[in-house]
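Produce the complete structure using the sequences and hints provided.
Chains as they are written, first to last, in my numbering: chain A, 11 to 725; chain B, 3 to 448.
Do not rely on the hints blindly, as some may be mistaken.
[Stated by the list, open to error] Stretches of chain B that chain A covers, calculated by requiring three or more beta carbons in the stretch to come under 8 angstroms of a beta carbon on chain A:
{"no.": "1", "region": "56-69"}
{"no.": "2", "region": "254-263"}
{"no.": "3", "region": "309-317"}
{"no.": "4", "region": "354-362"}
{"no.": "5", "region": "371-384"}
These are computed hints drawn from the structure, not numbers from a lab. Just so you know, even glycine gets a beta-carbon here, dropped at the ideal spot from N, CA and C.
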Amino acid sequence: MAAYNQSRSNIIRLAVIISFSVIVLQLIYLQLVDRRYKQLAMDNAVYAKVVYPERGIIYDRKGRAILNNTIIYDLMVTPAEVKGMDTLDFCRLMNIDTADFRKRIIEAIVKNTRVRPSVFKPMLSQELQARFEENSWKFPGFNLVERPLRIYPFNAAAHILGYVREADKRDIERSQNFYRQGDYIGKTGLEAFYEPVLMGQRGVQYMIKDNKNRIVGPYENGEYDTAAIAGRSLYTHIDIELQQLAEKLMSNKVGGLVAIDPRTGGILSMVSGPNYNPNDLSGSEGSKNFSRMQLDVSGPMLNRAIAGKYEPGSTFKPLGALIALNEKVITPSYGYPCGGRYTQCGHGKPECTHAGGGHAANVRLAIANSCNAYFAHIYRLTVDNPRYKNVYDGYLHWKQYMNAFGLGVRLGVDLPSESAGGIADTSIYNRENAGRWTSCTNLTLGIGQDKMQTTPLQMANAMCIIANKGYYYTPHFVERLENEQEQDTTFLNRYKIRHDVLTYIPTAAFNDVIEGMSDVVKVGTARGAQIEGIEVCAKTGTAENYTVLDGRRIKLPDNSMFVCFAPKENPKIAIAVFVQNAGFGATWAAPIARMMMEKYLNDSLSTRSKADSARIEAANLMPAYFKRLQYREDSIRAFKWFQTTRDSTYIERYTKVKTAATSYSQAVALTRKGSVGTERSLPSAPTKPAFADRRPVLAAIIPERSLFFKKESIQ
Amino acid sequence: MRNHSSTISKGIDWSLIWIYLALVVIGLSAIFAATYQEGDPFLQTFLAFKTDYSKQFYFFLIAVVVGFFILLTDSKFYPATANFWYVVGLLFLLLVFPFHSRIKGTESIIRIGAFNFQPAEFCKLFVALALAKYLSRPETNFNLPRAQLLAAFIVLLPAVLAILQSETGLALVYFAFFMVMYREGLPAVIPAIAFSLALLIIASILIPPNVLALLLTGVALFLIWSSRRQSRRRRQLFTSIILIWAIAVGIQRFAVPLIFEKVLQRHQVERIYNLFGKDNPYDPMQTVLSESDAKKKKESGSSYNVRQSKIAIGSGGFFGKGLLSATQTRYDFVPEQRTDFIFCTVGEGFGFAGSMLLLGLYLALLLKMITIAERQRSVFSRVYAYGVFSVFFFHVIINVAMTIGLAPVIGIPLPFISYGGTSLLTFTMLLFVLIRLDADRQMVLR
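And the structure:
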């Protein structure tokens, strides 16, 4: 029986060999051909842990760290390992109740599973951290994890230093994926400008993880790891004490202040009001404060010292005098018979605060007395100079002077988002005046108005040019870098080049103007800026301004401005101070500048200044209309929120009706009752029915759509 | 005495024993790699019987002792007691029902003290003996359908009991005995039918039912058309074509869905479908799940095992990562890897070279078994040898194919390599009884 089936053993042998061949082929494919599995295994089991280097530190001119790093601790929990501990004891230690404890544990499990650690309590206070460390042995499953944090030991220089935040999608795209999700990146200020220097170089540690993503240990004993290289520090020109004083003086004011050392172009201090404490954006409340500040209409995040555009007004006059002198349209002894107003253009404007008495008998007097007629006139003489073909040509020459003074151009300070200010081109006047205009059209350019916009930084730099008699160094903060490399030196050299932009103006002309500015302090408008033993040269400025609020044009208090440098011989500091809606230049801006100079040159304040500083610090000059603006912005936002989410909690605050508006029509009805809040203390326009058909609620809350600042100013 | 001991070693095929020892050593080191944790006090845990590799080592010692005793026995003992053992095995299988313990969804384990004991595993030996005994009876004429049916009954009875214990994997092993029957003269048409059936089932998984029905109809019509000229036995041919067509469509349209829906459990159907890269259409949850949920579910299910297993083996490369540097197997990425997925450890740790060595050992073992079977004088020994071969063949091929994604995930161990005392002992006994019988190959056993 068996014999005739014997051939079948060969068939079975064949089946065995075929089966094995199939398996071998698949193994060849898996192990030798397809390299994908190697990568997949790496992804599976090897975790590339990014090691963040310490960011660079920023020092002031005396080597004090004004921006430093600290380490704060997050309390982490691995729920699976929390066993057999005294929960009550733990809760007492951490100041939480047991319900909260349970909630946090559940949150941790939901977020990261039982076996992986998640944050139990972020950013422990030092006290809690110390208490936990003493008792940590009692609480299995809990441990502390370091987190680096930026701190500002002097609570100052927020706008200069800027802040770091997690890189967003745009940062990541712009860096071509160099930055990754979760990386910190400098967003503004020096943090942003010197980001490549400050950030250092990331390192990578390869760790082995198991099937539950738990770290088991280093991969191949760290053979493939790269070490992180710490960021390099910046040494700046900032004088932190001066900065603190400036911030104190500028508190509760809107405006900008810049103090530069004319000898180097190094910025000693720069303040923008309203200001904020940089530590507010770091730490546990950071995100909350950030969004609050972003919604603030007063713009605490805006650096007005480099991005605020102001008409310089009278502070421009020394520049106008220099140009006229150099163009030889006037001589130092040139006088103008001002009778209280300028009449040669037919409309009697601009007016002048003085009348007669020879208050503009020569350049020096005209500066000291700030004669509007005089400077309007010499502006006209400059642009109507017969040397040039016509007024357009003359204007372009004048504009070249402006640009040489650093107005209407970016100076190139080492901060991001610097504004160029604005000096209008002839094309703009051509367009606005149908191609026909004369020097009378933009006459007030001579007194720093019309289409002239400057930043505080530009005016401080212009003071440097006058103080240096024709040259300047690009204003900058950073003097040198730690461990400077060749390309760094090349970069920083741009701040060491002397720009001889106006040295061709005769020294005599500078001397005349400087004498006039000195007289301003001695006998003129800025007597309040006198300092015992130091000769100060300065010019005040006061600009009227208006805004349109709720459809009405309202007059605001004047902008108070002051530019100066000191001492007269070998100047060491040049300052520009702009305080919005404060009043006369001499009342607010001048004493602020004086105290700055005192502090910097004498290293202390006189008793008079101490009293003044208390007065100025206490003064709240925040414009009242901000409140109304804020109310409007908030209510629009609340309405939009309601429109998209149908959640009426926010809009109720503005409808002042307690019952919740559950539907759109209900909200409309509620708001139509006329209970929409308007603050009576502020001017507000009547409701306009034009919007009522389409967007009734919106129309009720927002009477007028088109209103941001429209400012007009007259000296 | 001396005389006796010389007869023990006489005729023993040592090559089998060497292969056996090599496989057990590979198995122990693989289990060691899969379960050893850094910093384990090696000796202490080893002696304390605490770790899997030490347990397996002790199992091995027991197995060697048992093997030695088998070599001491008389060959006649086996044909004489084969039926008795078969009945004992069945009793044990039945005993499981009142005494089983639930471990990981299996209900096939009897616990005696610290030992778990799996009768379905053991029963393979008894079935091999019983089948050999039945086919070697002088009065059995295996050419008769009645004898064939009875043999199938002997083999499938334990399989049915195993299925009742939800041990589908172990039950499938018993189907391997049909290879023995094929060798002993089962008509070739039966494997052919089985093969066609398997093809039909695979086709009905891969091709939508209506399309497949149309295809089958098309094929049937083509066959009728092409054979229309044939005058002789024309009607008979037509009838058989139509009959086969009807059966095929019936299976594909009704039987397969019925089995998948009603007979098999959901995870089993899922494994079969996953093997072909498809979702289980009979899963009532399937339609409810969103896409991402479905994906998640898929990753957590059996396809996750296979995926991780493929990653582990694939990342081994040619020479492997070294036993203790194998990241995938050492950090538990592959589930069940000390038991059913032990081949991953070998594949990752020793690479292609190591896998080839292991497969080479198995191939040598299997071919040797066929050679041994063919050189037996007695039918009993030959049938038993083929039985042992079939069981080993099925285990090796299905287990390895499963870890590299060629077969559905069926929980059966890799002989001598996988962790597990019962399985090691069973395979050892299967092999040593074969060696014992082979030593007396000149004898005619009844």
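Here is what the structure says about each hint:
no. : hint    : in the structure
1   : 56-69   : violated (count 0)
2   : 254-263 : violated (count 0)
3   : 309-317 : holds (count 7)
4   : 354-362 : holds (count 4)
5   : 371-384 : holds (count 5)
Hint compliance for this structure: hints 1 and 2 are broken, all remaining hints hold.
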